[in-house]
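Participant: Residues per chain, in single letters:
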Amino acid sequence: MDPLALNPIQRDAMREVGSIGAGHAATALSQMLGMPVDIDVPDLQVLSIPEIPTVLGGPENLVGAVYGRLLGDLAGGLLFVVARDALLQLSDLLRSRAPGTSKSLGAAEEATVTHAASVLMSAYLAAVARLTELSTLPGPPQFAFDMLGAILEGVTTQIGLKAETAIFVLTRFSTPETSVDAALLYLPDPDSLDVMLGRLGVL
Amino acid sequence: MSTSGDIGGLWAAPDDNTVLVATGEIAVAVHPQRLVTPALGSCIGLTLWDAFTRRGGMAHIMLPSPSETRLGGLADRFASVAVPRLADAVAGGVPRHRLVAKIAGGATMFGGDTGMASIGARNAEAVRHELSLLHIPLLAEDVGGTHARTMELYLDTGLVVVRSYRYGIREL
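Protein chains in written order, with the numbering used here: chain G, 21 to 223; chain B, 505 to 676.
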């Protein structure tokens, strides 16, 4: 089914999956960093792909992105998107440094953010797997830092234009000192979305 | 360079003469208008220009041909559809081989995945092939690499400006 046709109960189910995934990811990141990190899901929207740049600052907005292609029972892609300034803040947060320490994107920042995004994606997929008994694996995380529009284009063509809509999960990383907003986009193959909703019992 | 939420971003501030070409669309304009397509990744931006009428057109092409997907949607996102349609629209009765073409884009935004990694190169090749079938000369190209591009066509001179965060401004 087309994600735009999701009814309120189905959206709630997707949000629940997102919250549980965020909980898993927060536990994993806290263990990794040796300090508490919270991850909340304050907002979930279903958007058509051409609409995405308008909620993320325009097609030319400079963003960091981590893409993981989905393999297994569910096909599609997961894309983690964070604006340039938030990317540096997230890197500081994850490396226990004072906000504003990172001034430019280097290999260390790229690796930190790619790793965090990869943990987040795996945690979401673990949540989906636990709730639905579907086994889905992310492909290797791939990092890009460029115009948002071009990154979205790269993702949609890689999954063969099967996805026309995305589930946009606003994801907030916070420690007692600071918080950073990022977006996790789930671009489901329309058939895969049916499978998942069916297993969740809300199709 | 602006990194804020300003949609203006890299290109000269949009004004009444700016014609924006969205992903998978084609558009035709006449001087003093100017055609812009933002954020080309693996897509190809194609411009066709007629020096006599100072008319031009732009396409933002996503894939080589409709066989690449089973979804409906804009037919103009495919090279095999968009190139001949844009050529007819720009020519508007004059011989199509009088037009000149330039292309930009065709990058690989995410490396490392199998098979589809060369979609940008396949797009570029498909556009070159369609142009050759129409006998339209390809004057210049800025394709490949791993970076995003914004493409602008000025219709008085046929100048194409390609902007990117990585390399700044390049004129074709």
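Worth double-checking, as some hints may not be accurate.
As the list claims (entries may be wrong) - Calculated Cβ distances over 12 angstroms to all of chain B for the following chain G residues:
1. Asp60
2. Ile69
3. Pro79
4. Glu80
5. Asn81
6. Gly92
7. Gly97
8. Arg104
9. Ala128
10. Thr132
11. Ala149
12. Gln162
13. Glu173
14. Val175
Unchecked claim - Just some of the chain B residues that point at chain G, by a computed CB distance under 8 angstroms:
15. Pro542
16. Leu544
17. Met566
18. Tyr671
Hints in this document: simulated from the structure, not taken from any laboratory.
Every residue, glycine too, gets a C-beta built ideally from N, C-alpha and C.
Participant: Going by Cβ atoms, does glutamine 162 (chain G) stay more than 12 angstroms from chain B at every point?
Facilitator: At roughly 4 angstroms from the nearest Cβ of chain B, glutamine 162 (chain G) sits no farther out than 12 angstroms, so the non-interface label is violated.
Participant: Does the claim that glycine 92 (chain G) lies off the interface hold, with its Cβ farther than 12 angstroms from every Cβ of chain B?
Facilitator: holds (16 angstroms)
Participant: When you look at the beta carbon of alanine 128 (chain G), is every beta carbon of chain B farther off than 12 angstroms?
Facilitator: Check passes; 20 angstroms lies beyond 12 angstroms.
Participant: According to the definition I'm using, a residue is off the interface if its beta carbon is farther than 12 angstroms from all beta carbons of the partner; does asparagine 81 (chain G) meet that for chain B?
Facilitator: violated (7 angstroms)
Participant: Would you say glutamate 80 (chain G) is clear of chain B, with no C-beta pair closer than or equal to 12 angstroms?
Facilitator: violated (3 angstroms)
Participant: A cut-off of 12 angstroms on Cβ-Cβ distance, and alanine 149 (chain G) was said to be off the interface with chain B. Does that hold?
Facilitator: Alanine 149 (chain G) is indeed farther than 12 angstroms from all Cβ atoms of chain B, at 22 angstroms.
Participant: Does tyrosine 671 (chain B) hold up as a contact with chain G if the rule is Cβ-Cβ below 8 angstroms?
Facilitator: Status violated, d = 12 angstroms.
Participant: Could you let me know if the closest chain B CB is still more than 12 angstroms away from the CB of isoleucine 69 (chain G)?
Facilitator: violated (9 angstroms)
Participant: Answer holds if the nearest beta-carbon of chain G is closer than 8 angstroms to that of leucine 544 (chain B); otherwise answer violated.
Facilitator: holds (6 angstroms)
Participant: Are all C-beta atoms of chain B more than 12 angstroms from that of valine 175 (chain G)?
Facilitator: Given a closest Cβ separation of 7 angstroms, the condition is violated.
Participant: Are all C-beta atoms of chain B more than 12 angstroms from that of arginine 104 (chain G)?
Facilitator: The claim is violated: arginine 104 (chain G) sits with its nearest Cβ about 5 angstroms from chain B, within 12 angstroms.
Participant: Would aspartate 60 (chain G) pass as off the interface with chain B, using Cβ distances and a cut of 12 angstroms?
Facilitator: Correct as stated: the minimum Cβ-Cβ distance to chain B is 22 angstroms, above 12 angstroms.
Checked against the numbered hints given earlier, this structure breaks hints 2, 3, 4, 5, 7, 8, 12, 13, 14 and 18; the rest are met.
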